[in-house]
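Using the sequences and the hints given, assemble the complete structure.
There are 2 protein chains.
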Amino acid sequence: MWLNGREQSMKSERLQSVIAQIKRICRKRKMDCDQLEEKLQWKLHICSENNFPTAAGLASSAAGYACLVYAMSKLYGVDGDISKIARQGSGSACRSLYGGFVLWNKGESVDGEDSRAEQIAPETHWPDLRILILVVSDQTKHTGSTVGMQTSVETSELLQQRIQTVPDRVEQMKQAILKKDFHTFAEITMKESNQLHAVCLDTYPPVSYLTDISHHIIQLVHAINQDNGSNMVAYSFDAGPNAFLFVQEKDVPIVSRVLCHFYPSSDPHFLRGLPMPEKTDYQVDYTTFSELKVIPKALKFIIHTKPGPEPSVKESCCELLASDGFPKVNSNDDKQS
Amino acid sequence: MWLNGREQSMKSERLQSVIAQIKRICRKRKMDCDQLEEKLQWKLHICSENNFPTAAGLASSAAGYACLVYAMSKLYGVDGDISKIARQGSGSACRSLYGGFVLWNKGESVDGEDSRAEQIAPETHWPDLRILILVVSDQTKHTGSTVGMQTSVETSELLQQRIQTVPDRVEQMKQAILKKDFHTFAEITMKESNQLHAVCLDTYPPVSYLTDISHHIIQLVHAINQDNGSNMVAYSFDAGPNAFLFVQEKDVPIVSRVLCHFYPSSDPHFLRGLPMPEKTDYQVDYTTFSELKVIPKALKFIIHTKPGPEPSVKESCCELLASDGFPKVNSNDDKQS
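Keeping their order, the protein sequence lines are chains A and B.
The opening position of the first sequence corresponds to residue 124 in the numbering used here, with each subsequent residue numbered one higher.
The opening position of the second sequence corresponds to residue 124 in the numbering used here, with each subsequent residue numbered one higher.
Keep in mind the hints are simulated off the structure, nothing from the lab.
Being a predicted model, the structure only gives us computed values, none of them experimental.
Here are the simulated lysine-lysine pairs, DSS-like style, with alpha carbons at most 30 Å apart:
| id | chain 1 | residue 1 | chain 2 | residue 2 |
| --- | --- | --- | --- | --- |
| 1 | B | 134 | B | 437 |
| 2 | B | 423 | A | 420 |
| 3 | A | 166 | A | 437 |
| 4 | A | 162 | A | 197 |
| 5 | A | 423 | B | 420 |
| 6 | B | 420 | A | 416 |
Simulated coverage check for chain A against chain B, where a stretch passes if three residues somewhere in it have a Cβ under 8 Å from a Cβ of chain B:
| id | stretch |
| --- | --- |
| 7 | 280-291 |
| 8 | 325-331 |
Glycine is no exception: its CB is placed at the ideal position from the N, C-alpha and C atoms.
Structure below.
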């Protein structure tokens, strides 16, 4: 296996378990697949490339496992629900098997059989929703999200309250998405992020993913929203310091202008992903943000993106492996992001 | 009024309310005090000096209001419970009217009449308990603790769980203090601090007092304790980034050595307060702290202190006002800490 051009160990227990499970399902269902028995004997070469940073709290393992499970299911001709298998690789990978807005149901059964992902709305439902991923420069080492969550379950008293709170919030969030009610969507998103990180802090020993820069982004977002009179932007933080900002397409120019003011960068590729509208008629009155300092080089770069579709098999021109079964681009040394 | 040599406005509503209440109690009780009526007509000159930083989350307002209320009660000859008055100035000032280990009871009555402080043990009870106050260099502006707490009460859902949790913890803490059980005392102290700041983060908009340096101190303390096999040191954070570390006297040399390793400073007055034992036979194996970076100048200084006695009237040689009623040292310009 190669990940971003670098050869990887296949020894990971989770990786082995995911591969074994897909093969097992094949055998069990006696799939009507061409040369199934032969295929099951094949040795696999797996090549994976991210266009975003790995292991930085940007859900790269969710994307990776969703992609792997999807690709293997296509190879072996496995139909039906593969989200349970993906979930074994990385919990949130089950969500990444669907496009658009996806809910991961906790389920009721003890063996987790009914803990599955479900699409609330496809990505076409809210076409003007945009995401700005703020990749923070100082990626200090942090607790992995799986280990962190297990410790939280064992030690956080506040988690008991959160368990009571979440079902209502999920329902409110579903409605906000279906109604495309940005203000409410933004408020729930921010409160959810804050509460998740509050529980991390209540864990013993405490787990902290947010840095001074993360907190600066939080303050900036609240300042923008207060200045605007309603929510123009929302933040969410996963198991790392990077921010996911949600914005409506019409507000991307003003929000990106404010971000570039507070986090100036000399990198010509500072803004990546979808094109940023180059509007010059937005005037921002920075006196309303007087409490906030400008922090040069706080961010490595910003990725401009939007909710995407489910995994799909790409055209053959996009294959990552050459005909000899080895990566087309083998950049062990210099292609690390 | 002068605070640390600088003339202050007396317009603060809380300050005026505290002064008015003491005078009212005097009149109501018809205190048998020499020249009471004359004294009540006096104009007051108040001079206050701190030996620690003001408005940095080090409970300077609690100390200040406790001192003011105590001094005025002596002036007017008010006996009995003055903690209720002190509490109006700064909630935790009611605790500062007693020495040693003090519990602030929340009380049950709606008007807060029975929300009073109570001494659990005098400072002589645990004579080898020491406190290291780590004053962090970057004192970024933060939300005042009173405003922050009010917003938490209004918006934090997790606070509901904390309200359930606190009474048990208070009882456990009381027992740990009475038994001088340092390991348990340390664990409850750290969990309490973490939970308080978790609730701050669950507030909307979130309130954050801890900085990257605070979190580094937290990680360092857990690393020391893990290395030691039981709790050698505990942290607690108030409404600011500074850490209060609790240590037993015998462990001060090793803990201060580790602190000076991770937070090196060239300030000859870096270690202040009680003398630091200069033991050279402690060898610390820093390889066990391999995940933690050394951060020069992270701390402004460290104050070495211990639980103190209640307020007292000092000898006349220590008066802060000269015979003309003005501060002996009037250092408006250069005496700010």
